[in-house]
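Asks: Listed below are the residues making up each chain.
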Amino acid sequence: MPDTAAGQAYLQIDDLWKAFGDFIALRDISLSIQEGEFVCFLGPSGCGKTTLLRAIAGLDLQSRGTIRQAGEDISTLPPSRRDYGIVFQSYALFPNLTIERNIAFGLENARRPRAEIKRRVEELLVLVGLAEQARKYPAQLSGGQQQRIALARAIAISPGLLLLDEPLSALDAKVRVHLRHEIKELQRKLGVTTIMVTHDQEEALSMADRIVVMNHGVIEQIGTPTEIYRHPQTLFVADFIGETNQFPAKVLADGKVALAGTQLVCAGHQVPVGAEATAVIRPVDIIPHGIGVRSPGTPDIVETPENLVETTVEEMEFLGAFWRCRLSSPRLGARILVADFSINAVRRLDIVTGGSMRIELPGERLLVFAGNE
Amino acid sequence: MTTLSLPAGRLPRHSVSRDDIVKRGLMVAISLYLILSLAAPLYVMLSKSMSVYRFDLTQFEFQVSDETATVWSEPRTAAALNAESSAVSADDLRAGSDSRLAATSFFADFSFRSPVRYRLRGTVDEASWLVGSTPGGGTEWQEFDSNTFRRIVLRPSSTFGLDNFTTYFATPSLSNSIRNSALMATISTVITISVAFALAYALNRSNMPFKGLVRLVTTIPILVPSLLPGIALIYLFGNQGLLKPLMMGYSIYGPIGIVIGSVFFTLPHAFLIISTALAVADGRHYEAAASLGSSKWRTFWVVTVPGARFGIISAMFVVFTLVITDFGLPKVIGGQYNMLAVDIYKQVIGQQNFEMGAVVSVILLLPAIIAFTVDRIIQRRQVALLSARSVPYAPRPSRGFDMLCLGWCLAVAIFLVGIIGICQFAALVKLWPYDMSLSLKNYAFDLMDGGGWASYGNSIKLGLLTAFFGTIVVFTGAYMVEKTQGFSAGRSAFHFLAMLPMAVPGMVLGLAYIFFFNDPSNPLNAIYGTMVILVVSTVTHFYTVSHLTALTALKQMDAEFEPVAASLKQPFHKLFFRVTVPVCLPAILDISIYLFVNAMTTVSAVVFLYSTDTQLASVAVLNMDDAGDIAPAAAMGMMIFYTNVAARLVHAGVSTLLLSRTQRWRAR
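If you read the sequences in order, they're chains A and B.
Per the UniProt record's numbering, the very first residue in the first sequence carries number 1; after that it's consecutive.
Per the UniProt record's numbering, the very first residue in the second sequence carries number 1; after that it's consecutive.
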């Protein structure tokens with residue numbers, strides 16, 4: 001493998017476009033991926049994430065732009081001359097070959113001695129924890145086991161790049177969570193640069209070193225899972241990942257926004273003063289401040305936090321780990337505010353349906369994006 | 001913000017890998033095969049149907065000397081000479097490509113002993129004649145003594161036009177066939193579809209016993225040439241038939257025989273299609289109908305018939321096309337009742353009028369192409385109708401209804417087995433109906449016309465070769481169409497070529513082959529009259545169904561096998577032989593038995609193409625019947641039947657064996 005100079009990306013994609021007739025599936029995609037990184041392409045269906053993966057694999061050639069892998073321009077190479085292993089959602093295991101022969105498929109060539117192939121296959125079977133199943137046929141294995149075999153087959157040839165196309169979406173929820181860790185573990189052990197396409201945000205957040213969020217053929221944001229979650233750069237990202245409350249807002253001076261007439265302190269943003277905007281806050285970021293006093297007009301607590309709002313608890317829903325509360329307030333207009341409170345908080349603060357409560361919308365968690373619907 | 005439209009520039013192209021080259025090479029090779037074996041012959045035939053030959057007498061100019069051979073008359077054209085003598089009538093001037101006109105016909109006082117000498121020249125460059133068999137022509141004067149002049153024949157000139165079609169429609173004995181064929185096809189279609197629907201309904205919607213046996217019996221007609229029901233009907237209702245009184249004075253030779261025979265040989269095709277349509281019906285619709293209190297009769301018309309309507313329409317077109325294009329049956333039992341397919345044969349073999357044969361072929365091509373096109377459209381819509389969530393319908397036992405169904409199936413089975421049985425009986429009888437004692441003398445094929453036992457051997461050889469090479473060509477072609485990336489214009493052109501044979505009647509294909517391959521200037525002329533051309537024509541004739549079978553099997557395979565193999569740096573042929581072929585083996589075996597059985601029974605295309613060295617059993621049935629050796633014809637037909645039964649058994653055995661070894665993975 002040609003060595004990549006320090007700082008030079010292992011996979012470098014520049015100005016990539018893909019058009020299917022009049023439909024443009026990818027617009028001006030540029031992206032670099034470091035060696036050993038685990039990157040997820042995340043987005044709703046039709047966002048172009050699979051198209052991008054297939055362009056990297058050489059299965060659907062891009063319309064414009066270049067792809068470089070390990071310093072070499074692979075833009076127009078056929079799949080067979082690129083250096084990657086791939087796992088599809090369907091696994092694509094050869095049904096008439098046993099597990100071991102499936103894994104050995106890519107290893108068999110004239111130069112490699114049989115004993116070596118056998119050793120490598122055994123090693124891989126141990127690696128994916130299916131050593132007992134070597135002689136079985138794919139149809140005799142469970143979905144999760146088949147997925148692991150597909151993975152073993154893909155990494156058998158020690159590719160420089162591992163491509164995973166929605167590898168877990170055909171599996172049961174429980175198996176999926178389990179396999180998530182296994183794949184991540186395996187990737188860390190092998191240190192292979194990996195790209196996974198998924199529409200499942202939880203999968204992306206838990207597995208990826210970096211996430212590429214895509215929508216309508218463009219990259220919305222690239223960042224670590226926490227960056228993406230805590231600091232979404234666009235309303236789409238904020239909306240697609242995690243849950244949000246969204247309010248039409250007007251940007252005021254001095255780092256404030258107006259929500260239905262109420263002035264609130266907000267996090268830093270690029271929206272010009274006076275512009276129409278959307279203010280976003282996640283249900284988990286809302287801080288409960290107790291029942292407060294039942295009669296309005298009473299002075300606030302001594303250490304006055306910003307962005308305090310009196311609300312009425314309209315509805316409460318117990319979701320096991322927490323309570324989901326639907327709050328209303330004349331100060332926020334007609335919109336209902338959804339807040340997630342811990343069980344402890346609900347008990348300690350005596351939050352009940354129909355009661356009033358005071359909540360804090362912490363300024364640094366109140367995100368502002370240009371435009372509103 | 002990103003820009004909205006694609007920046008200007010050229011689309012990048014894959015650098016081509018070795019696999020791509022091999023794949024495209026194979027696709028081009030198979031396309032070339034289809035072009036040479038289908039498109040080119042059909043094109044030549046089409047142009048033949050529009051070639052008009054006639055003797056243009058103004059093209060030839062003569063001079064005659066006196067008896068001393070020194071003084072020459074004024075040059076005169078043949079037209080002028082004919083105007084004087086009226087030796088050749090206008091009708092005689094119409095010609096075929098092989099027509100000849102003796103030069104002496106313009107000289108009433110010609111004598112080959114006379115010392116008079118003759119000169120001949122063309123007035124145009126195209127004018128040509130033969131001296132004996134030596135071609136001559138040109139605009140220079142050429143001199144002949146009277147003995148040589150006697151051997152000169154003028155050749156017709158050819159022009160392009162629709163005159164042949166005008167002649168065709170102006171000749172009632174020819175154009176009546178259109179009405180006859182359409183009528184026979186329509187009547188047979190109505191009867192066959194009714195019988196097949198009732199049969200399929202009984203098998204799918206009742207709990208009658210012996211379903212498997214009935215299904216087996218319905219496949220019998222596929223295993224015999226369509227001539228055979230004709231022969232059986234002659235023995236039953238012909239002039240010396242056992243049941244002739246039942247005909248009440250009507251003759252079996254003609255429409256009645258054609259319809260009964262057509263019902264026999266088209267029944268399995270209609271039954272299979274309708275039965276499939278009924279089998280995929282969704283049981284939930286019936287539960288819904290029952291829960292709404294719908295009567296059985298109403299449910300039948302509201303649920304059953306609409307559910308199977310695409311199957312019924314599809315079957316109608318198949319039957320109509322089969323009947324209108326069939327040659328064997330009307331040849332045997334049609335009598336004086338002219339049908340299109342038989343007309344081609346009569347024009348070509350009987351009258352050597354190839355141009356008129358081409359005209360009839362073009363006319364026969366039309367209904368077949370229309371039926372084919374409509375059927376394809378319907379098939380496409382039917383696919384959308386099927387849902388993966390359908391629940392199969394499970395009929396409830398009902399004694400009365402089950403017995404009714406069994407009775408009907410029994411009646412149909414008796415009809416089918418009876419036809420075959422009577423043939424076998426007739427083949428064993430010494431001299432029907434005078435000496436009904438049994439003997440094997442009708443199997444002494446070597447004593448009759450038609451090629452004898454050698455023709456039977458040839459048929460088996462043809463069947464095996466067709467099955468072997470046909471399966472390879474068809475499956476490889478289907479694989480290239482289905483599993484190649486890019487090159488989409490080429491792929492759809494290939495797909496069209498592969499679908500075309502279904503619309504081309506065998507007689508038309510055979511005649512097109514004569515035109516194309518029998519042309520000495522065609523480098524492929526060498527295969528004319530050999531086994532090769534028989535194999536090529538048979539593979540091509542039955543290409544479409546085989547292609548669709550292969551395509552269906554390939555479509556069921558994961559489209560991601562190829563990308564995976566490529567990512568593992570393995571050549572496509574490794575994937576092809578290690579995975580694709582083993583997984584598709586059942587379909588491959590089905591294609592080969594389909595090709596074998598059809599090669600054994602087909603008459604239509606090969607009847608124009610066999611030579612003395614390559615006579616075939618199915619053609620022998622035709623020829624022996626033609627020569628009046630009906631019993632040996634029946635005997636040979638039964639040999640074909642038994643061979644196909646044996647082939648089916650071998651196929652079943654081999655399938656079971658191979659599948660148990662290579663398809664173990666199917667079992668969970």
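Bear in mind the hints are in silico, worked out from the structure with no lab data behind them.
Bear in mind the structure is a predicted one, so any value in this text is a computation, not a measurement.
Do not take every clue at face value.
[To be verified] Here are a few chain B residues that face chain A, going by a calculated C-beta distance under 10 Å:
1. R18
2. M27
3. Q240
4. D558
5. V564
Using N, Cα and C, we set each Cβ at its ideal position, and we do this for glycine too.
Asks: Enumerate the violated hints, using their earlier numbering and listing them in ascending order.
Replies: Hints 2, 3 not satisfied by this model.
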